[in-house]
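There are 2 protein chains.
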Amino acid sequence: MLVLSSPSGAGKTTLSKKLVELDSNLIMSTSFTTRTKRVGEKDGQDYHFVKVGDFKEMIGENQLLEYALVFGNYYGTPRLPVEKYLAQGKDVVFDIDWQGAQQLAQQKGSVEDVVSVFILPPSASELESRLKSRNQDSISEVESRMSQAASELSHYDEYNYIMVNNEIEESIKTLKAIVKAERLKTSRQTDLHKFVESLTG
Amino acid sequence: MLVLSSPSGAGKTTLSKKLVELDSNLIMSTSFTTRTKRVGEKDGQDYHFVKVGDFKEMIGENQLLEYALVFGNYYGTPRLPVEKYLAQGKDVVFDIDWQGAQQLAQQKGSVEDVVSVFILPPSASELESRLKSRNQDSISEVESRMSQAASELSHYDEYNYIMVNNEIEESIKTLKAIVKAERLKTSRQTDLHKFVESLTG
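Chains as they are written, first to last, in this note's numbering: chain A, 1 to 201; chain B, 1 to 201.
Treat the hints with caution; some may be incorrect.
Any copy, or any two copies together, can satisfy a pair, since identical chains are not distinguished.
[What the hints assert, rightly or not] 25 Å max Cα-Cα, derived SDA-like pairs, lysine to any residue: (1) Lys51 x Glu128; (2) Lys56 x Leu19; (3) Lys180 x Ser123; (4) Lys132 x Lys176; (5) Lys173 x Val20; (6) Lys17 x Gln45; (7) Lys51 x Glu167; (8) Lys132 x Val70; (9) Lys185 x Val115; (10) Lys56 x Ser198; (11) Lys176 x Ala87; (12) Lys51 x Glu126; (13) Lys37 x Gly72; (14) Lys194 x Ser154; (15) Lys194 x Met146; (16) Lys194 x Ser144.
No wet-lab data here; the hints were simulated from the structure. Keep in mind that this is a model prediction, so the values were computed, not measured.
Just chain A, same shape as in the assembly (with noise of 0.2 Å):
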């Protein structure tokens, strides 16, 4: 399971769609929302647009890794689908907040193996102005987005890697090389464990 986490505008949700896309072990989980649709998003592929009561429903039922209530909306990810995919042995890419990466990282059993990135604007003007560019918002929600983005940032440290997104093309480069790492970790190749064997005979 991978968890990038970013302050909204940072660029991790095109990030991540790329990724995704190169990859064909990778997964993206798609997670549960009560807020609002916002124009060109899709139900069920950006995320999956519930009502507060049903949302409630799956708390009650456990049926969440993590959920988190961020300005009033929730926002959580569907366990089923994520046990699923590991036991068929695909990678999970989670689009979730230091909320959500922490939950995770508490989960235990088939969903306890998580490598989180914590994706940096290159600035902060930069940032400011990538929040700013979304016309749809008014100016109160940039001002909490930015505020949101301060409390994002102050938890970069629970994160196992952090890297700076200046160019999405070299930021692509750098999370396929921290995959590709993570796959080589002693504790996941449980297949070479019998090819040892095989050479000492």
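Put chain B on the given structure of chain A with help from the hints.
Frame of chain A, contents of chain B only:
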């Protein structure tokens, strides 16, 4: 500090030399040894070749980060060059065996940040043929090296990463991905801490 270990004949020395050539921030640690110089080997490059008395003096003066006695010959890593390179911000590569890797992992202070990679040969027959192809070695030397290979292989699970050296270009890419990812670990990106502070204002 990057430790590369493998059974003799898995291609580790070729890989580590090539890796260091391609990355100006990597420096190869040159070990001291009391064994006889082989044809083609250069003193100060492949090893520092020294007498047993001199080697024991280095042990007594705590000048070695790690050392081991293998088939009657001493091998060891000098402390001072490593400390100097690390202080310069370089990453140091070690071509050592599991005994050296264990001792290095127990170091504290300026020399405690170790990443270890275990390199496997593509197959048992490949391993055997590589061990036999060193013409200058006697049959008994080949046999003892094969038993040493088996001993080395039994320690693969003490390493952070494990990889199969099927094809040298592919293996170099793999090692580069590990180095790239490890440098992105949050704990090592101390220069980014101030950058994050500047983002949060």
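Going through the hints against the structure:
1. Lys51 x Glu128: neither (31 Å within a copy, 65 Å between copies)
2. Lys56 x Leu19: neither (31 Å within a copy, 53 Å between copies)
3. Lys180 x Ser123: between (28 Å within a copy, 22 Å between copies)
4. Lys132 x Lys176: neither (29 Å within a copy, 38 Å between copies)
5. Lys173 x Val20: both (12 Å within a copy, 20 Å between copies)
6. Lys17 x Gln45: within (11 Å within a copy, 47 Å between copies)
7. Lys51 x Glu167: neither (37 Å within a copy, 54 Å between copies)
8. Lys132 x Val70: within (19 Å within a copy, 65 Å between copies)
9. Lys185 x Val115: The answer is both: 12 Å in one copy and 11 Å across copies each meet 25 Å.
10. Lys56 x Ser198: For Lys56 and Ser198, neither the intra-copy (52 Å) nor the inter-copy (38 Å) Cα distance is at most 25 Å.
11. Lys176 x Ala87: within (22 Å within a copy, 29 Å between copies)
12. Lys51 x Glu126: neither (34 Å within a copy, 61 Å between copies)
13. Lys37 x Gly72: within (14 Å within a copy, 72 Å between copies)
14. Lys194 x Ser154: between (44 Å within a copy, 12 Å between copies)
15. Lys194 x Met146: between (51 Å within a copy, 19 Å between copies)
16. Lys194 x Ser144: Classified as between: cross-chain Cα gap 24 Å, same-chain 53 Å, threshold 25 Å.
In this structure, the hints that do not hold are numbers 1, 2, 4, 7, 10, 12, in rising order.
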